[in-house]
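Place chains B, C and D on chain A using the hints.
Chains as they are written, first to last, in full-length UniProt numbering: chain A, 1 to 531; chain B, 1 to 531; chain C, 1 to 457; chain D, 1 to 457.
Among the hints, erroneous ones may be present.
[Unchecked claim] Looking from chain B toward chain D, a few residues come up when the C-beta cut is under 8 Å (computed):
hint	residue
1	A41
2	G95
3	S102
4	K119
5	E159
6	G173
7	K464
8	G473
[Claimed, not checked] Mimicking EDC-like on lysine to aspartate or glutamate, the simulated pairs with C-alpha atoms at most 20 Å apart in a straight line are:
hint	chain 1	residue 1	chain 2	residue 2
9	D	K435	C	E8
10	B	K10	D	D93
11	B	K274	B	D125
12	C	K310	B	D500
13	B	K200	B	D500
14	D	K449	A	E93
15	B	K90	C	D450
16	B	K96	D	E3
17	A	K119	C	D370
18	A	K20	C	D93
19	C	K364	C	E11
20	D	K435	C	D445
21	C	K364	B	E31
22	A	K96	C	E8
23	D	K7	B	D125
24	D	K7	B	E126
25	D	K310	A	E93
26	B	K96	C	D454
27	C	K213	A	D448
Just so you know, the hints here were simulated from the structure itself, not pulled from any lab data.
These figures come from a predicted structure and were not determined experimentally.
Glycine residues also receive a C-beta, built at the ideal position from the N, C-alpha and C atoms.
Spelled out from the first residue to the last, the chains are:
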Amino acid sequence: MNERDLLLEKYSSRVFKNRKSHITQLEMSDEQDTITANTRAIPGIATARGCCYAGCKGVVVGPMKDAVTITHGPIGCAFYSWGTRRNKAKTEEGGKNFIPYSFCTDMRPTDIVFGGEKKLEEGIDEIMAIFNPKCIFICSTCPIGLIGDDVQAVAREVEKKYGIKAIGFSCEGYKGVSQSSGHHIANNGLMKQVIGTGDKKPMGKYSLNILGEYNIGGDGWEEERILKKIGYEIVSVFTGDGSYETMKNAHLADLNLVMCHRSINYVAQMMKTKYGIDWLKVNFIGIGATCKTLRMIAEYFQDTELIAKTEEVIAQELEAISDDMEYYRSMLKGKTAGIFTGGSRSHHYQSLLRDLGIETIIAGYEFAHRDDYEGRDIISEIKPDADSKNIEEIAVSRDEELYKERYSGEKLEELKEKGIEIDTYDGMFPDMKKGYMVVDDYNMFETDELIQTMKPDIFFSGIKDKYSIQKQGVVSRQLHSYDYSGPYAGFNGAVIFGRDVTMSIYTKAWVLTTPPWKTAALLGGRIGGEN
Amino acid sequence: MNERDLLLEKYSSRVFKNRKSHITQLEMSDEQDTITANTRAIPGIATARGCCYAGCKGVVVGPMKDAVTITHGPIGCAFYSWGTRRNKAKTEEGGKNFIPYSFCTDMRPTDIVFGGEKKLEEGIDEIMAIFNPKCIFICSTCPIGLIGDDVQAVAREVEKKYGIKAIGFSCEGYKGVSQSSGHHIANNGLMKQVIGTGDKKPMGKYSLNILGEYNIGGDGWEEERILKKIGYEIVSVFTGDGSYETMKNAHLADLNLVMCHRSINYVAQMMKTKYGIDWLKVNFIGIGATCKTLRMIAEYFQDTELIAKTEEVIAQELEAISDDMEYYRSMLKGKTAGIFTGGSRSHHYQSLLRDLGIETIIAGYEFAHRDDYEGRDIISEIKPDADSKNIEEIAVSRDEELYKERYSGEKLEELKEKGIEIDTYDGMFPDMKKGYMVVDDYNMFETDELIQTMKPDIFFSGIKDKYSIQKQGVVSRQLHSYDYSGPYAGFNGAVIFGRDVTMSIYTKAWVLTTPPWKTAALLGGRIGGEN
Amino acid sequence: MLELTPKEIMENRHITINPCKTCEPVGAMFCALGVENCMPHSHGSQGCCSYHRTVLSRHFKEPAMATSSSFTEGASVFGGRSNLTTAVKNIFDIYDPDIIAIHTTCLSETIGDDVGNYIMDLEVSDDKTVLYASTPSYEGSHIQGFSNMMIGIMKYMTQKAAVKSNRAAIFPGWVNPGDDRELKRIAGVMGVDYIYFPDHEGILETPMTGKYKYFPKGAGTSAADIKALGTAKKLIAMGHITSSEPAEFLDKQYKVPFSLIPMPIGVKLTDKYVMALREISHQEVPQTLEDERGRLVDLMLDSHTYTYNKTAAIYGDPDIVYSFTSLCIEMGMIPKYVITGTPKEEFTRQVSALLKEHGIDTGKCVIKADTDLFYLHQLIKNEPVDILIGSSYGKQIAKAENIPIIRMGFPVLDRYGNTIQPTVGYAGAIRYVEKITCALMDKVDAEAKDEDFDVVM
Amino acid sequence: MLELTPKEIMENRHITINPCKTCEPVGAMFCALGVENCMPHSHGSQGCCSYHRTVLSRHFKEPAMATSSSFTEGASVFGGRSNLTTAVKNIFDIYDPDIIAIHTTCLSETIGDDVGNYIMDLEVSDDKTVLYASTPSYEGSHIQGFSNMMIGIMKYMTQKAAVKSNRAAIFPGWVNPGDDRELKRIAGVMGVDYIYFPDHEGILETPMTGKYKYFPKGAGTSAADIKALGTAKKLIAMGHITSSEPAEFLDKQYKVPFSLIPMPIGVKLTDKYVMALREISHQEVPQTLEDERGRLVDLMLDSHTYTYNKTAAIYGDPDIVYSFTSLCIEMGMIPKYVITGTPKEEFTRQVSALLKEHGIDTGKCVIKADTDLFYLHQLIKNEPVDILIGSSYGKQIAKAENIPIIRMGFPVLDRYGNTIQPTVGYAGAIRYVEKITCALMDKVDAEAKDEDFDVVM
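If we strip away everything but chain A, and leave its shape as in the complex, we get:
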């Protein structure tokens, strides 16, 4: 029996039926490995998933620093999403930065009974009086839609009254099956109401947006550092250290880089459709991945000078970190890892771990879709279900004024032939090996079981799993918050990651777990006392 079967056999038939298609031990045979994803979590199973609000407010719109994001609902959701995600944001010179703040309508029973729109409006008047922001986002929590509050209508009124941008998001927690629905709702809103509304053209020769980079631990800054060193201009980042002011002009960039495929691939696709901007799925996690990413970008622009500069920067950067990386590799080579994260990281970090000599033998996503595992080719095969149908799909069409293609379709095909992965993504499976375990919508029980059977040396997950893994004697690091370290992206980030993993694996306290009296028998004498 392989590890998958061992795990599944512990389930009752009811659970077994559901979970079996979410757990794949890769065969890598002629028949392609498949997985079920983006379906409902089983009630009571201790899924790691969060909700739609967490995806919309927590992930996508929360990081936009010059916007006031109001949580419309009872206090809890505003509290939990306050300062907890490490989406770092620098205050711009003379600019306003609302990241350290939490705004909430803090609804009470009367608001639930009689509706909360008035309280929301009063709150916005107060926010305007106190802070005078240029942009306000309203994020709904569970009860809002049910009691009939219309946050979009309120937002429209605000725009009229104050002449600012205001967007209402109906991202009630129960929508969809995971955070993924929240990303979608957020991105739809931004696509419809922000992107394309500015007219500030980039000054540089080549300009980029980074999509799906939330600047956790400063990852985005390390990416920007490298890209700027090569000579690119960054127009906008979605949405780490991002802003309403820059996102308005995102449609004027030359190329979109997609970091987190899961949370934002459709925005890239819509911008391609509407504005003609190509996109590249990139990965700045890992030395190899970063080099590959940088080369692809340079090659995309077909500029020999740019390509040369890219190689120069890569050489410099590699030189600066090679001693450190070699040291950490010497410490970590041959170890195995498991990674359970929300979206793309469970794939991205495999590159970096491999750079350090660590194989990722277990990987799983909280809220991915099948394409994140199997590649975009299978998107057409995915059938919408009741839950996904509840999430609005927006359709965009070419903006005749702003649409601008860099390359003809033919030329694009030619570039793709050369290995530049334009407008595509292969998913996680191809980078893994036979026998490795992939789990969709993982839960606490499966984590525990797989640790026992697969025995990874280190497990990367989130805070909810961290301590139960650690109690089992397995090194556990958070890949959501980086355990308050970072950045892990790019060249410098790889070194920091190497250091952190080495630290946690080699920390002295591990050997203290078993008290000496467990191994040294009492010689002679009676056994008495409390035990």
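Chains B, C and D only, in chain A's frame:
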């Protein structure tokens, strides 16, 4: 039986015989109250006294910031006298400040056996190489004289070798009966080798030295603040925040103010003899005392403008503090205090306490002489004993070149008639009342007993007594270190003192002393358990 | 940091900015974790459960086990019965607790899910219990949720008995596991035999052993003890806001008389706890405990010069804020701003009474319930304080205004080791007097000019 | 602060600058204070006694009772016999202890006072004891003085007995009263019946009661216990430098076998203590103690990211520095500078061995005995560290170099509350892991740019 008799009757006859003349309950009758002082402490009695080294290094020369003071002996004394006395010192612009450092020859058995001079010399060479000070003091601890080390000779060699000032002090701990001998030895050295060696004349119209001000908690700075505001120039302070550089020129000042009579009155007297400088016993502790002091100084100079300026400053200062003082007085009026300190403070603070409405009903000195209690008039009556004879008395004579009298003898008498207390000091007794207790060379037992019989509301003493007093439920504050507060001198100091005393008397924890179960009986039921 | 916060205070603000409370369900989850072999279950969207487990794990640095009904749009429209039924089956199958303690959420409350009815219809084996408490997120705060779950558990599990037992009951209120240990230790030395509910000792502080168990063995209030609560001869309930409703429930249902006392923090409030225990056991206070107390008082006296008249902003949950206010007063400090986000006006009355009892001019203090940290920050911008005492979220204010912060209460997300040591009792106060004094003295040292820098203090 | 200290290090310096030790007599005084109804007496100038009482009071914030022979010039020339005779009479008259424990000073040693002879000639009633120890200030350090007084007391009071008792003996070494309580508690839960010597519990930490006693009742090692030390079946002696000579004395004189173990600070060293106790009682370690240990290990793992590879300068007395070095290593820290002023080369060897045992490159560390804080500061100026761990005198360096300082050992003159709480045992380590981690995290917070400032850590 009065409280004195109650106390003394608890002693064995042997101890009684000694202590009875050190304990005076003031009669204030026609016959003058007297006391025995500056005699040996009884072995085993838990005296509060320290030693000669503590008086020389700890009190007098230690505070001179631009000098390196080396403790020559085993490590202990250097350790205990390091950073523990709060003689504050500001680093002069471009100057060197050795106050935070402790230097010691750290003698070992071989040094005791074979002599420590060589180690001392090597140490000084090292100090010169590392710090290059302009002045070095060498303070001997107990074994030095006994093993035959000649610190004066070493100092002379150093002066020759390096062209700096170096003074050796034979202040071995056992010399004399208390710190007082150390003050004397220190002051003799400074008188002989420092004062009068400089030639930098004061610039101001009226210039002063402050003698016996060690700047504990910044007292000296508050005094300087007030005096400078009036227009005086301060030439030198002995020795709080003092320096070799300024003390050299002390003989060029117009008037000596004597703050701590005990530790330095003979220096004032010698400077009168040698340089013709008059001295005033002053007291900056207390509002009334400070005003009186300032007025006397101004009147001494017989300058109407100065007198007017003095009154102006006094008025300003009083105005600034009157609300605070009134408040603290309202909190403290009617309380009684005891004060046991080393020297003059047990007198000085009675003024300040009286300003606050507190009567000092117990007062005592560790190391005073009879004149500190009874006034200078009785100095001639004091007979030298074996211990005091061991301390060098130096004789000075008029320096014909530098001697300069401001006033003729007649004129001085005239000024004295007017109430300017030139070259004199009345001691502590006259400021106290009938029935109050005065104790010389107090000890732990007497402190405890007097607290029980006299029941003061607050007791001022040092750290050795502080906690035993406090455990008895009596507020206890340190008047050596000011409990790490201060300054207490001058106008601002009076407010700080008022605040501190109020704080300690009214601190909430006092009422928590007795647990409620001590007063609330157990109703019904059994009494069981551990008790 | 927080430089957009203006000094001018807007009266009667409707928008909450930087909250000083969170929602009921997390309190219910925390409470249920203090019961042996019990799985807390969140009946609502799975995000709630995820958020609550996260904040508990971040505070305790421990796994916080719980499950969710994982509502989707369908459940929100048609009701959560089916989700709950499935969840209960799955939980028993996979995690095998003895008890499932369900709490509701704003979602299930808004749609009117009748959880009481749902669980009555469940088939549950005799040795298993499924119970629930209503914890609508839009009411009260996490503190109310904790109380509600206590009542919920008692409602379902506590049984009537003909005779009273010789045991007392103790409700500690919302405390850390280190506090549970200390409260039980004190009860033990006072000779009281007790049922302690809820009990997180050994649960949200499991030792590192190399093994992980969903439900730590022998830890948490046992089902038998909960069952027997109604037979208790006397109840000591701690924390007026947290424990009064559970205490009243037990009194009303089972005629268990109770002493409602503040959280025993500092000298006087710990005295109250000891006196309440003494009244039960009729045993004199042992010398060892009296000595602990004496050492604490001694420490307060020794260090009073560094704390006297120092102003503090104390914020957080109402009961712990009340008790820390008392501790600060004992240390001679002035509790200048005393703030909770929990909307209970009793808090304001109680704290005011405490201040008045100690002769502190309440006119110079601001005591406010149902408010937020934005307001506290504005107060501080108008008149600063010497120290902040409260949860981790105050650190933003601490940084902005350069004020030392002492972390206490819930949640402390950014420091390690506090939850396994006591805050309550004489021992807890010794720890906090040390912490507070040390923080104030560190500031003295940091700001001292070289010439004012003292080695002895 | 200390800006005159140059970076360049002078090798083989003779002058001691900013010492990291003090003299023998204070150690003797401290030791004698740990005996019931015992008056420590300083045979020398009265300044010694005054200084020692002062530093003890400043460290413990407690009265430190002691008397002096009050030498004057005469005594220094003719010998101190008469002073001592008078002193002994006066002490019994006024303070009425059962025991007078005399220690010598550099003065009485230099003049060659034969105290042993003097006291043999004293008339002392049968229920009183006068004993002495030689503690020349120019040898060793205060640590040696402590050991010498232990031996002195045993020499005079311990008696031979025909049969061994069933009790063990415990020598805690130089620890605080809070440590005494913890060490005895652990011995108690391990089922060991013991004589504990010396014992400062309840002495240099007397509770505030409104009454002051020269000799707190029932506190300190009793005369009967000291007398019976020779009958102990086994001795656990803690601190290699402090306790080895007293342990060897007891073994040599009375054939009491001993385990010499390091001061039990941190996990492994406390394990050694527990194992030594287990060997005596043959009792298994109770779950409660194992759980304490497990919580400590858990805490270390939880917080390791803030301590790993952080460099520490650890300075002070040799045994506690050794044991804190072990604790720091367990926390993943690098003990970069490990310094004592006490002139014992064993220290260097032991610490080096400890570092090597843990695979730490001693080439990157400086381990030095018989040195001073001036040297430590110079080392730091050349290569800084992340944290200072030691006595209050390090605060000057801390301020000069902007490095956080954790106070431990002797003397701590400028903080309150530490001496009544444990440093030893699992509980002590939990306290110190919290303190060290917190100090390092405070620095992270203080230096964080606004955008890097984390609420969750």
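| field | Violations among the numbered hints | value | 2, 5, 9, 11, 13, 21 and 25
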